[in-house]
Each structure stands twice: as structure tokens, then as C-alpha cells.
Amino acid sequence: MACNDVLRPGHVQLRVLDMDDAHKHYTKRLGLIETGRDAQGRVYLKAWDEYDWFSVVLREADEPGMDFMAFKVRDTDALDRLEKAVREFGCNVERIPAGELEHCGERVRFDSPTGHTFELYAEKDFHGNAVGTTNPDCFCDEVKGMGAHRFDHCLLYGDDLDGTVKLFREALGFDLTEQVMDGDLMIGAFLTCSNKAHDLAIIRHAEKGKLHHASFYLESWDEVLRAADLISKYDISIDIGPTRHGITRGKTIYFFDPSGNRNEVFAGGSTWYPDQPTITWTTDQLGKAIFYHDRQLNERFLEVVT
Amino acid sequence: MSECIYTVSLSDTGESYPCSDEQNLLRAMEALGRKGIPVGCRGGGCGVCKIRVGEGRIRALKMSRAHVTAEEEAEGVVLACRAFPLSDLRLAVIGKMRKNLCRIQSAPGAGHKQT
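As given, the protein sequences belong to chains A and B, one line each in that order.
Heads up: the first sequence begins at 1 in my numbering, then just goes up one per residue.
Heads up: the second sequence begins at 307 in my numbering, then just goes up one per residue.
No lab work stands behind these hints, which were simulated from the structure alone.
Since we're looking at a predicted model, the values are computed, not measured.
Watch out, some of these pointers could steer you wrong.
[As the list claims (entries may be wrong)] When the alpha-carbon atoms are kept at most 30 angstroms apart in a straight line, the in silico DSS-like pairs for lysine-lysine are as follows:
# : chain 1 : residue 1 : chain 2 : residue 2
1 : B       : K402      : A       : K288
2 : B       : K368      : B       : K402
3 : A       : K144      : A       : K28
4 : B       : K368      : A       : K84
[Stated by the list, open to error] Chain B side only, calculated, beta carbon under 10 angstroms to chain A, not exhaustive:
#  : residue
5  : V345
6  : G351
7  : C352
8  : V354
9  : R365
10 : K368
11 : M369
12 : A372
13 : M403
Where is the CB? At the ideal position from N, CA and C, for every residue including glycine.
Given these sequences and hints, build the entire structure.
This is the structure in C-alpha cells:
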């Protein structure tokens, strides 16, 4: 159900081991902009082409990973409808008061069969992007590092993949754009609430609640290559790339933040319309599905999570 | 103070490599094109480069408590990407890749079971 009650990924809260190191990585290297800090010491960041106050929140902790991922919904009526839907699905649901995350309205937090915590919210303060809305320039030349345009999606790892896919399709109205199948067993699901190739992806994995990567959008392959140059120049921990995925068709590079959380920057990717059929990848072609050029599975890419 | 170069020996393979006290144990291995300790995130987060220091002394930076408890750290169990040598070392590799997806490929339906 494209462009319905759930609009888009809104924010992700990531745990980091050292805030100074993480701040440097996400601002100077990835190119996000700091928009605030709160009394808990959390740092709020946004990309240059995002309008709302923040899309990434960093929290210092003893172990890295993802605290929660949130989706912005159409309005407060939609928030009420969706709260009812996830409650009826069987999720544990709680309302987080407005202002708990600064500049963010009331949030509906719920758990999922794969052990991840998700949130929905309708309201977040408008900050404005870097170019404005009247006769805007096409780019921001003050942006740092890779110059990420927006927070785009997360790929998560967890055990009850079928359950979380059902939750997102049936309760939240997401579409399944692509799937990886091992016979009758689904091992990967790419889900969208919009017309992107994915707003959320989930891979079957023995442990609950793991983060594979948080992904940020770039405009072009040239920008992906420039990100690769910066990864070498600043000795950032590389995972794999630049390369291209068969799944989603994205042109991509993966690397790690200083706490070991994987990041992706990517460009392109296929377009989804809700009348399209789901694309299926089979495990005998998994190399090509994941890395369209090498066609070789990569142990670190498949197994390293936080 | 100038840097000191120590010798890191891996009990599992019998191999050894030099490592500066300004370089973490994993990075020194990688920089020399050597193998033996699995390489993951290189940031103390994923746990695949977990090692036990059998002989020698190290200093360690903050690492994920999901993978190394305070008790383990006190006994010389650390992540190689966050550990720097203070003497010659002998290490045993504890960490490994889990290979879940590969196992699922060979055994459909086994996805929920942790090895």
C-alpha cells in the first residue's frame, strides 16, 4: 500500500561506544548536521536534504547496535489507527510522550517478532533543509564528507522473520518488494511503505534484535565512489564495495562507524509501484543477488552485526 | 616516547607477527596481509575478533559488553581490534563468524536454531 498511513523512515537511534568518535564519524565523514543534544547526552543529527529536526540519534552505551527505528505517519489519526493495528497484531505497545526525543511529538513504540523495537510518530518540528523550498538550489556545497542526502532505511537481522514481515504487511500496510527464498523458507524480506525499493529490510538470523546496517542516500555512482575515496583517506573501517546489489539494484558501499555499527551509502535503486509483483531471489543465486558484480558471498557482510 | 614493537604469536596457527604498541592487534595483522584472527567491524562492536591473551600484557579500549564481559576482560579476554600490546604476546582466537545464512542454505528450516 504505497503512500498510505506510514509515510517513510523517520529516525533511527544508534548506540555508540564513544560519543566523540561517533560524532566525528557521522558529521565530518558521513556529512550529517548536528541539530541538538539533550540532557541524557544524546546527539541529534539530520542530513542536509531532510526537513525535519533529526533523523539519527546517537546514544553512548556499553554495546553498539540499534535502540529503535521510527516511521513518520500521516497524522495523529493515522497514529491512533496504527497503534490499534499493532496492538491487535499482538505487539507490546507503549506511548512515549512528546518531547522525550526533543522536537518530536508523541511516539507509539512497539516490539516485533524479530526482537526489534519500532516507533511511529506523526509530528516532528520542521527544521528546513539546506536549500529551502522556494527556487532551491540543487545541492548543498557546505556539506561535509560524503554529504549524505537523507537517512534512507535499515537492514535488520532477527529470528522470526515471517512474524515481522506479517506485522509490517498486515498491520502497517507495507509492501514486499523483493524476497530471498530458500525453497519455501523466506530468509530475506525487502519492505516498502513508499515507492522505494525498500524502507526496511530484514534477514533471518539466529539472534533477535540485531542491526546489519543503517543506510543513507546519495545521488549518484560518482558520489558513491567519492565516499569510497573518503573511506580510504580517513582510514574508515571498510566492509565491501563500491559495488552493486542485484536485490534493489542499488549502487553501494558499506563501512563501519567507530563502534562497529555498519553504515551504507548508496545511489539508485529500483522504483516500486503497488501493482508490481514481488521479485524473488533464490539462494542458489544469492551471490549475484547480493553482489551483482562479484557474485561471491562475503562472510563478513553476511554475518557481522551489532 | 618512541613506539615499541612487540611480537604477537597465535597459539592456534603457530604464526607470529610484529605489532607496535600504537597499533591494535587486529590492524597490525591486517596491515601485514596476515590471517588468523577473524576480521569484522574493527570497532569493538561485533565480537568476531575475540581473543584470549595467554601470555603477555595489553591495554584495551572500550569494547562491546555484549561480547566481552568485565569478568572476561579482567582475565585477558578482549577484542583484538581494541587491544594494544604492552609486551610480547601469545593469543588464542575465541571469536568466529557464525555462518547462519550459509547454514540455512544447506539445511532449509534450520534458521531458528543457534549453533
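Okay, which hints does this one fail, numbers in order? Of the numbered hints given earlier, those the structure breaks are 4, 9, listed in rising order.
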